[in-house]
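Chemist: Start from the sequences, fold in the hints, and give me the full structure.
The listed protein sequences derive, respectively, from chains C and F.
Under this note's numbering, the first residue of the first sequence is numbered 268, with each subsequent residue one higher.
Under this note's numbering, the first residue of the second sequence is numbered 8, with each subsequent residue one higher.
In case anyone wonders, no lab produced these hints; they're calculated from the structure.
Do not take every clue at face value.
Unchecked claim - Cβ-Cβ distance ranges computed for the label pairs, FRET-style:
hint, chain 1, residue 1, chain 2, residue 2, range
1, C, Asp656, F, Asp235, 27 to 37 Å
2, C, Cys598, F, Arg216, 48 to 58 Å
3, F, Lys130, C, Ala613, 53 to 63 Å
Said to hold, decoys possible - Result set (DSBU-like, lysine-lysine): computed pairs, CA atoms no more than 35 Å apart in a straight line:
hint, chain 1, residue 1, chain 2, residue 2
4, C, Lys270, F, Lys133
5, C, Lys322, C, Lys477
6, C, Lys653, F, Lys132
7, F, Lys96, C, Lys653
8, F, Lys31, C, Lys653
9, F, Lys30, C, Lys570
10, C, Lys270, F, Lys130
11, F, Lys96, C, Lys570
12, F, Lys18, C, Lys570
13, C, Lys570, F, Lys132
14, F, Lys132, C, Lys270
15, C, Lys570, F, Lys199
16, C, Lys653, F, Lys18
17, F, Lys96, C, Lys270
18, C, Lys570, F, Lys198
Where a beta carbon is used, it is the ideal one built from N, C-alpha and C, also for glycine.
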Amino acid sequence: MLKLLSNLLGRTPIGWLQLSHNRTRMLAAIFGVAFANVLVFVQLGIIGAFNTSIKMTYKPFIADIIISSSNANTFSDGSSISRRYMYQSLSNPDIEAAAAVYVGLLSWNMPNGKAASMQVYGIPPESMAFIESSLRESMARITLQNTLLIDSKTRGLDKQTLSTLLDSNKSIEMNNIALTLAGTVVIGSGFGADGTLFVSDQTFLRLFPKQEGGTPSHILLKTKSNNNSADMLSSIVNNLRVSLGNDDIQVHSIDERINDDVTYQMTKRPVGVIFGFGVFIGVLVGVVIVYQVLSTDVADHLKEYATFKSMGYENRFFYSVITEQAVLLGCIGFIPGSLLAMLIYALMTMATGLPVSMEWSRMFIVLFGTIIACMISGFIATRRLKSADPAELF
Amino acid sequence: MNSENAPIIVKNLDYWFGEGEAKKQALFDINLDIHTGSLTALMGPSGSGKTTLLTLMACLRTLQCGSVRLLGNELFAMTEQQQVIIRRKLGFIFQAHNLHESLSALENVLMGLQVHGGGDPQKQKKAARHVLSILGLSERIDYLPMNLSGGQKQRVAIARALVANPQVIFADEPTAALDKDSGRQVVEIIKKLGTQRRTTTLMVTHDNRILDLADRIITMEDGAIVSDEKT
Chain C
268 MLKLLSNLLG RTPIGWLQLS HNRTRMLAAI FGVAFANVLV FVQLGIIGAF NTSIKMTYKP
328 FIADIIISSS NANTFSDGSS ISRRYMYQSL SNPDIEAAAA VYVGLLSWNM PNGKAASMQV
388 YGIPPESMAF IESSLRESMA RITLQNTLLI DSKTRGLDKQ TLSTLLDSNK SIEMNNIALT
448 LAGTVVIGSG FGADGTLFVS DQTFLRLFPK QEGGTPSHIL LKTKSNNNSA DMLSSIVNNL
508 RVSLGNDDIQ VHSIDERIND DVTYQMTKRP VGVIFGFGVF IGVLVGVVIV YQVLSTDVAD
568 HLKEYATFKS MGYENRFFYS VITEQAVLLG CIGFIPGSLL AMLIYALMTM ATGLPVSMEW
628 SRMFIVLFGT IIACMISGFI ATRRLKSADP AELF
Chain F
8 MNSENAPIIV KNLDYWFGEG EAKKQALFDI NLDIHTGSLT ALMGPSGSGK TTLLTLMACL
68 RTLQCGSVRL LGNELFAMTE QQQVIIRRKL GFIFQAHNLH ESLSALENVL MGLQVHGGGD
128 PQKQKKAARH VLSILGLSER IDYLPMNLSG GQKQRVAIAR ALVANPQVIF ADEPTAALDK
188 DSGRQVVEII KKLGTQRRTT TLMVTHDNRI LDLADRIITM EDGAIVSDEK T
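Modeler: This is the structure:
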């Protein structure tokens, strides 16, 4: 370590020697950086899970374009829209197929006594081409009325309860309708619901009697296979906007819609803003802890720094020593911080079922951010160097 | 020796501390030349102004009035950057050794060389080891200051001041923390190296036991020079 730093810096690595000389202080600083890292990682992990859960709502579907109500900010909210837009869209020569999707939310009292909020998707059986291929086989089982597929990762639904439900062929009661469990799919719970149910459009309309068949939640469109370039898709979307021409609806490519949904939920909904603020607080805590450690270290070594000043060392030398300390603290503190965060992610996933997982890109960003934050702390701490007056040594 | 070539020339130097009503004059019209290779002792009671004079001559304080020429450079109105450059030609020995606690004896001495930038690290280490061995510390080069005695620490500080062959050494009570024998030994080393390398040394001291080693003794009282004797 010492040799590596000496070669890197081209001088005696005073920063490292100073840090490692006072082990207690160094451990406290590393703990501080690790703690700040954990705070940031947890917030980012929740934000990541939030993002994933938003995208997860679109994942079961394959489509190029989506038509939704103009007041639908997410896949789960907004008014219903007239099915006539589906037929109008089909008259567009670039559109190959269309499907009406019904989205609703219901509460289910599970046999194990727990209650779950379930996101329900109603799909016409003839529109299976719009279902993601891995789910398609299971979906074929919901063509019969009053059958459903349930997300096996539903929060609170234990394996035993699920296997009992599957084996006993007992009916499940939801919204006063007796339903038969036809199988499972694997989706995962999110922030808006504990799990997902798939039913046919007819079953959906029985479950939600206020919903009219002629007014689905969204209309999914597939373009002809030779029209799948981004520019072409954009042009088709624009054509549809003009041809459908109604302020009550919005037409987007599916990717555009997902991005808009994520942006809306991250920036306009309190939950996104709160977690974003949490990241800021984590960074702030890290900056304060590292500043406190570095500024105490500077204060404790003022005489030595003043001696170096008298010898002809310039301010940039002191800045480099403090930066060296800051970067080392950031890098070393990051290791336990990220390991602890991974453990917390695993515990959070186990406890909540949320898709909280570590990503390389996140690790890199947090490491980079930690180093920058530590350098900012170091830069602030250098203000104390002004007190190092060599004339006071005599 | 022609006084114009002296490494330190002080003319009409006055200095004040504080401002307004609290302003107090610490030095009164100081004039002196310090000659090359000499060991000069600066004596006087506490508060007589000797340390203030030393810090002004050593480019550690900004001049207010008068002139100090150090190694041919006028210190009056000198910029901070110019001060830094000239300090690299000087050696400082403090009453407290001021060694860096986390650096070994060798690393502390190396700091006296690395300030000049660049240089072959192996040659620098060789030079630092050499100076430490002259000072009788070849067995202690890897020791941290906390594992050295008071005399050994002071010798490391001297090695740090001498390693880069400074033209002038400013020493402030270098023997204050040492016993009689160690104190004398330290000053003898400074004098010996000064003679060998033509290094000029200016030393503030209260220690009468080492005065016989000085070439010149300047005594100050109340901010003025009251006697200037060659020994």
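Chemist: Hints first: check each against the structure and report whether it holds.
Modeler: Right, here's what the structure says about each hint:
1. C:Asp656 to F:Asp235: 27 to 37 Å: Cβ of Asp656 of chain C to Cβ of Asp235 of chain F: about 30 Å, so the range 27 to 37 Å holds.
2. C:Cys598 to F:Arg216: 48 to 58 Å: Holds, at about 53 Å.
3. F:Lys130 to C:Ala613: 53 to 63 Å: With a Cβ separation near 54 Å, Lys130 of chain F and Ala613 of chain C satisfy 53 to 63 Å, so the hint holds.
4. C:Lys270 to F:Lys133: Holds: Lys270 of chain C and Lys133 of chain F sit about 17 Å apart, inside 35 Å.
5. C:Lys322 to C:Lys477: This hinted pair holds, its Cα atoms lying about 27 Å apart.
6. C:Lys653 to F:Lys132: holds, 31 Å
7. F:Lys96 to C:Lys653: holds, 23 Å
8. F:Lys31 to C:Lys653: holds, 24 Å
9. F:Lys30 to C:Lys570: Status holds; Cα separation ~27 Å.
10. C:Lys270 to F:Lys130: holds, 17 Å
11. F:Lys96 to C:Lys570: At roughly 21 Å apart (the allowed maximum being 35 Å), Lys570 of chain C and Lys96 of chain F satisfy the hint.
12. F:Lys18 to C:Lys570: Given pair Lys18 of chain F, Lys570 of chain C holds - Cα atoms ~31 Å apart, limit 35 Å.
13. C:Lys570 to F:Lys132: With Cα atoms ~24 Å apart, Lys570 of chain C and Lys132 of chain F stay inside 35 Å; holds.
14. F:Lys132 to C:Lys270: holds, 14 Å
15. C:Lys570 to F:Lys199: It holds: about 29 Å lies between the C-alpha atoms, which stays within 35 Å.
16. C:Lys653 to F:Lys18: Given that 35 Å is the threshold and the Cα spacing comes to 30 Å, the pair holds.
17. F:Lys96 to C:Lys270: holds, 29 Å
18. C:Lys570 to F:Lys198: Holds: Lys570 of chain C and Lys198 of chain F sit about 27 Å apart, inside 35 Å.
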